[in-house]
Structures are given as C-alpha cells and as structure tokens.
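Undergrad: Chain order of the listed sequences is A and B. At position 90 of the first sequence (counting the first as 1) the number is 90 in our numbering, and the numbers step up by one without a gap. At position 41 of the second sequence (counting the first as 1) the number is 41 in our numbering, and the numbers step up by one without a gap.
One or more of the hints may lead you astray.
Said to hold, decoys possible - Here chain A is said to cover these stretches of chain B; the calculated rule only asks that three of the stretch's residues, wherever they fall, bring their Cβ under 8 Å from a Cβ of chain A:
#1 76 to 90
#2 140 to 153
#3 334 to 341
Source of the hints: derived by calculation from the structure; they are not laboratory data. Note that beta-carbon positions come from the ideal geometry of N, C-alpha and C, so glycine has one too.
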Amino acid sequence: MIMMSRPERSIITRLSMPSLPDHVRIQFDPIRQAWAVLSPERVFWPNDVSLDILRHCDGQTTVAAIITALAGEYDASEDDVAADVVEFLQEWSDKLLVKP
Amino acid sequence: MTAPLFPPISMLAELTHRCPLQCPYCSNPVELMKANSELDTGTWLDLFRQAADLGVLQVHLSGGEPTLRRDLEELVDGLAMRGVYTNLITAGVLIPQGRIHALAEAGLDHVQLSIQGAHADTAELIAHYRGGYEQKLETARRVRAAGLPLTINAPIHRHNIEQVPEFIELALSLGAERLEIANVQYQGWALLNRDALMPSREAVERQVEVVTAAQERLRGIMNIDFVTPDYFAIYPKPCMGGWARDAFVVAPDGTVLPCHAAQTIRSLSFERFGERALGDIWANSAAFNAFRDTDWMQEPCRSCERREIDWGGCRCQAMAIAGDAAATDPACIKSPIHARMRMLVDDAQTAAREHKGDEFVYRRITHAREPV
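My request is simple: use the sequences and hints to build the entire structure.
TA: Rendered as structure tokens:
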C-alpha cells in the first residue's frame, strides 16, 4: 500500500477565502432569464441571496470581508448576515461546489 | 397539453454504439447500431447548436465508447463555444496518450469513468476485456493530470456488490470528487442478464449501510451518489426527472428519445434529427408527449400525492414487468404487482444457487440489426 495523506473536509471560517473550482461555472441563461450554476452532472438555480454570496467568492476575499460587504449591500448588521453566509458556504463546500 | 412546456436542461448524446467492452448490463439497446449509421460531425454540431438554442446547459457525451469518435475534440469544442457544460462518459480503454489533454484543451469540463470491478479479475470478467482495469486506472490519472474533475461510475450487481467498500477506497485514491454507486437498472442487456446479475436482499442491505456510512464520513471530501436498486425499493425513482421533462437522449443515428431504453416501448415511434428540427421534436413528438406531465397517468398514480415527485417512475420498467407502459412502475409499493419484484429477486437467487444464472449474454455488436 502506498501511504498517502487523506484529504479532509474543509471547514469554512471567517479567514477562508472561498472561490469556485474551475469546473463549477456561474452563467446567465438567456432562455430562462436566470443565473445557473453548472457543475459535474448537476445544474443549480441559486436564489438572489445565494448569488450575491457566490459573486464575492473570488479567492481573494475573506469570509469576514464578504460578510461586511453583504451587510452593507443589504443594510443589515454583520451579525444578522454572518451565520447565513457561513452556513451557505459550508453547505456548498461540502458539495464540493466552493473551494475554501 | 395544459401544463407549460419547459426547455430541456440536459442531453445524453450516444455518439456511437461501438465499444471495446462487452458489459452484460449495457444501457444501449440490444439491437446495436453499426458505425455506418452514425451521424457525421457536421450533423452532431448542428444538433448541439439547436440543443443550446433550445436551452440545453449540459451535454453528456456517451456511447458505446465516445472516444472511438475521432471528431470528439471538434464536438467538445462546438459545445464549449456555446457555453454548454460537457461531460465525457468513457470506459477509459484504448485512449492514446495525449487525447485526454487534447479534450481538456478543447474545453471538456468533466470526465465520468466507469470501472466494472474493484479488482482486475472482476473488472475483466464483467467487461470481457483483458487488461482493461489497468488502462482505466491510467485514464483516471491522466484525467486528474489534465486538471479535470473525475467521477468514478461503479455499476453494481451480484458479482461486485461486496466490493463497494473497495470501490470507495479506489475512487478516493484516484482523486475522484464523485463516485456513483449505481445499482444496475434492468433494461435492455441487463434485463437479458437479470438472473445472472441480481444481488441478494442481504447484500443490498449491507451495501446500503456501507454507502450511508461512507457518505457521512466523506462529506466535503468525495460525493457519493447512490443509485439504489429498484427491485428492492418502496418508491420508484423519478426516471429521467420525469418523461420528456428536462432531459433527452440522442442515439448514434440521430433518433431523439425521451430515455435510453424508450425503444423497448414498441407502441411508440421516434423521430430522427435531420428529418425534423430538435425543438419541433421536443415540443411535438407524439412519443415525447405520450407520458409527459401527469395527464396520462392511471390509478394509483393519478391521485397519488407523489405523482410530481416520481412522475410514476420508469415507463420502460412498467412496460417490461407490468406489460403496460402507462402502468405504475412496479418498484412502487402502491403498484398492484409490486410483489412481483420480490419474486423476480427470489427467482434470480434460486437460479444462482443452481448455477444456472451465471452465464452472461455479453454485449456484442453481432447482435446488431442492419440499419433500415
């Protein structure tokens, strides 16, 4: 047996800088007039809030900065936004649709 | 039709029926098409353009073995130019060095690689192809080296169901991000070989435990899609997400089908791309409209609260077992002949004990019918 380090589940923290993997694409579908997320064997139709989070996932912005930005965009407190953002990103990371 | 017609999301393109492997559960029809009936490059490209115009977002390039098409790079390029997500479904043998890289360069998004057994001897027995296992592992490495995401597809039946834990380890070691533990669907070739392939109830129960535990253990590491075995089910699957609802299949000669086994429903006739435009077939084909939405349903489906969850299940399975394509899928506990599924499982176990059920009818093109 070759010894290899086992991959581990990634946990999203405020310091994570999430991005979309190369093989996951967000694109606007002109037929349905909606944004689609294309991934291996699946198509997702994220709602507006999910799209706003995904648009900030550029690999250079921390989760903390995403929370600050979204709180500004929604005119909400960071505390109100934080839990939703972390929960969403953890869920998408678990589906391997977001890279922490 | 009162319900609105939605555009299709995905298309399975069976580019060819040619394949080096001879798996006895192949999803291609028993009457295989020869190379001379395949659509040419230009026609496939035209079909892909029409599919994108219609709303198709994902195309699964399958077969047979799609890499036997020398124009595969050109086909991938045509799809990529339209922003369509491309998935290559391959057996992973006889692929020359550099081809996977060239496909990635052409814009391929994802590869699904089938592996018939977690050991070389099982894989060779099932595929009837010597040396295939090692070639498949090499293909997996090349896919990862080309930077492409990898799904391992493991078709499960009596002869490899105890290898599910090893399939999981194998997929992890190959760097797959998805693993399909896909219990064989008994249509076409698999229906011919049902007694030789059907697992026992005890093995299925062990499999469910293994897969459920692995899905939990590997959360965020590798996604395991579990295609459960219909013959042991309580409710049917929403086959194809519902007949003609958001997906379709195109056979090598351009015949447009609601699912890959649809031609087993002999009362239906299907149109070929080229004779009619794709959008016309999708909207107006009598075969597509035959089981679309819920108007066609009989009881118990018609008044069932799950009718828009599973859409009545699989029409081809209803045809094969109930003898009526509009019947409730017998996999459903509400089907009046649901008990027949258990009897068929028991019959297969009896055949196995008497060693009558272990002879495969391998998939061979010699069973092919000449194109009309």
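Undergrad: Each hint needs a verdict: does it hold in this structure or not?
TA: Here's how the hints hold up against the structure:
Only residues whose C-beta sits within less than 8 Å of a C-beta in chain A count toward coverage, and the segment 76 to 90 of chain B has 3 of them, enough to reach three; the restraint holds. Given a C-beta distance limit of less than 8 Å, the hint that chain A covers the segment 140 to 153 of chain B holds, as 4 residues qualify and 3 suffice. Counting residues of the segment 334 to 341 of chain B whose CB falls under 8 Å from any CB of chain A gives 0; the rule of at least 3 is not met.
Checked against the numbered hints given earlier, this structure breaks only hint 3.
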